[in-house]
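A.B. asks: Spelled out from the first residue to the last, the chains are:
Protein chains: 2
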Amino acid sequence: MSVHSVKLVTIGENLLASNDQAAAHNRDRLSEARVLALNLMASPGAGKTSLIVGLLGALQGRAQIGVIEGDIAGSIDTEKVVAAGAYDAVQINTGGNCHLEANMVERALIDLDLASLDILVVENVGNLVCPTHWALGEHLKLCLVSTAEGDDKPIKYPEIFAISDVIVLNKMDLIELVDFDRDFFYESVRALNPKAPIFEVSCRTGEGLAAWAEWLLSRREELLCVSPS
Amino acid sequence: MSVHSVKLVTIGENLLASNDQAAAHNRDRLSEARVLALNLMASPGAGKTSLIVGLLGALQGRAQIGVIEGDIAGSIDTEKVVAAGAYDAVQINTGGNCHLEANMVERALIDLDLASLDILVVENVGNLVCPTHWALGEHLKLCLVSTAEGDDKPIKYPEIFAISDVIVLNKMDLIELVDFDRDFFYESVRALNPKAPIFEVSCRTGEGLAAWAEWLLSRREELLCVSPS
Chain A
1 MSVHSVKLVT IGENLLASND QAAAHNRDRL SEARVLALNL MASPGAGKTS
51 LIVGLLGALQ GRAQIGVIEG DIAGSIDTEK VVAAGAYDAV QINTGGNCHL
101 EANMVERALI DLDLASLDIL VVENVGNLVC PTHWALGEHL KLCLVSTAEG
151 DDKPIKYPEI FAISDVIVLN KMDLIELVDF DRDFFYESVR ALNPKAPIFE
201 VSCRTGEGLA AWAEWLLSRR EELLCVSPS
Chain B
230 MSVHSVKLVT IGENLLASND QAAAHNRDRL SEARVLALNL MASPGAGKTS
280 LIVGLLGALQ GRAQIGVIEG DIAGSIDTEK VVAAGAYDAV QINTGGNCHL
330 EANMVERALI DLDLASLDIL VVENVGNLVC PTHWALGEHL KLCLVSTAEG
380 DDKPIKYPEI FAISDVIVLN KMDLIELVDF DRDFFYESVR ALNPKAPIFE
430 VSCRTGEGLA AWAEWLLSRR EELLCVSPS
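Read top to bottom, the protein sequences are chains A and B.
Reading the first sequence from the start, the letters are residues 1 to 229 in our numbering.
Reading the second sequence from the start, the letters are residues 230 to 458 in our numbering.
Hints listed in this document are in silico derivations from the structure and should not be mistaken for laboratory results.
Watch out, some of these pointers could steer you wrong.
One-sided excerpt, in silico: chain B residues whose CB lies under 7 angstroms from chain A [what the hints assert, rightly or not]:
1) S272
2) G274
3) A302
4) G324
5) C327
6) R336
7) N356
8) V358
9) E378
10) G379
11) A391
12) V395
Glycine is no exception: its CB is placed at the ideal position from the N, C-alpha and C atoms.
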């Protein structure tokens, strides 16, 4: 058992190093095309696709948005974001894999017209653990969590909160119904990540989406040296 | 990259076979002690700990219940179930691992007084993907999902619904607030798993918990050949 474990770790490190190279290559391509790439990570059902749909509405006419949808199976999210106005969308089915990897994104980028995009949102597989270790080529990691999941997610899944560049708290419309201690949540996040902005939104009511979308546009300008639209 | 992948799969299979052996050993120990073991799997925030607390309330005075809590980090769930009347509880911190494995449960069993227990609930790490491949020694696999996560979880995470012996749909008190299509959910589950009973509950209001708890007791009697209490 321990011998196998040691081998697994070694090969795992090689795979992660290989993944990081592919991710760096993706990031270079995206930066060159002035496409801000967001790695959107969350539990199943936190509202990842709804957040993308909200972004499409908030930036309509101001930014062309592409989407890569990562799922174990199915393509209903891709259909949703195309219907909501995504400029382009590609589905990746991981066939059981619990996270996206950079080479999957590399393959998906072939099918996207990067020259026409301003923002690319990569919706990772719903999982608060495994995606944290696999860079995809993103400029920003976003951790989305919903009030319905409870205020203890930072305590239980610290790494994803620690490594994220921005945290979005969704389903604010349910906060009074689900025993969510907002102060406890903020304190727990701040202990792990003192700096990342935290946006409170409700994809259902639209609350807070504009502020988050504006922040994302401003990050594109800063990180990719593009002038304001 | 492909060479590394092949190696990883081979070693993964060895690890899984080794895990299955440890799981069989755990199951033998538990069966001998007439302890029904439940592997409780769900997304982060679906209500795993609340379901255990609900079970403790529903079977108070009728069954001694032990709990193994699996988390990446933290011990707040163990504190909760002990406060709620668990006969005994053990915390496993996986230190980043996205699922429990049989050898972790084997280690935890040392700290539990099996002779005094009727039911052991093993709360897995919050994840709809990784726990599916790792048997722990359970008699029953339970997939818990909440209405707040949306009706599309069976489409996106088919394997966990396919392999589970029982499915519990939690947060029924929120169903009218979250655009959950009950018929679509049931059809999707039934396409993957025609037989597993589906219980609708609200851990918040207590709705449905008694029926599920009675079912669990009856499964103990059947599977472990114990007479009704």
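A.B. asks: Of the numbered hints stated previously, which ones are contradicted by the structure, given in increasing order?
C.D. replies: Violated hints: 4, 6, 11, 12; rest satisfied.
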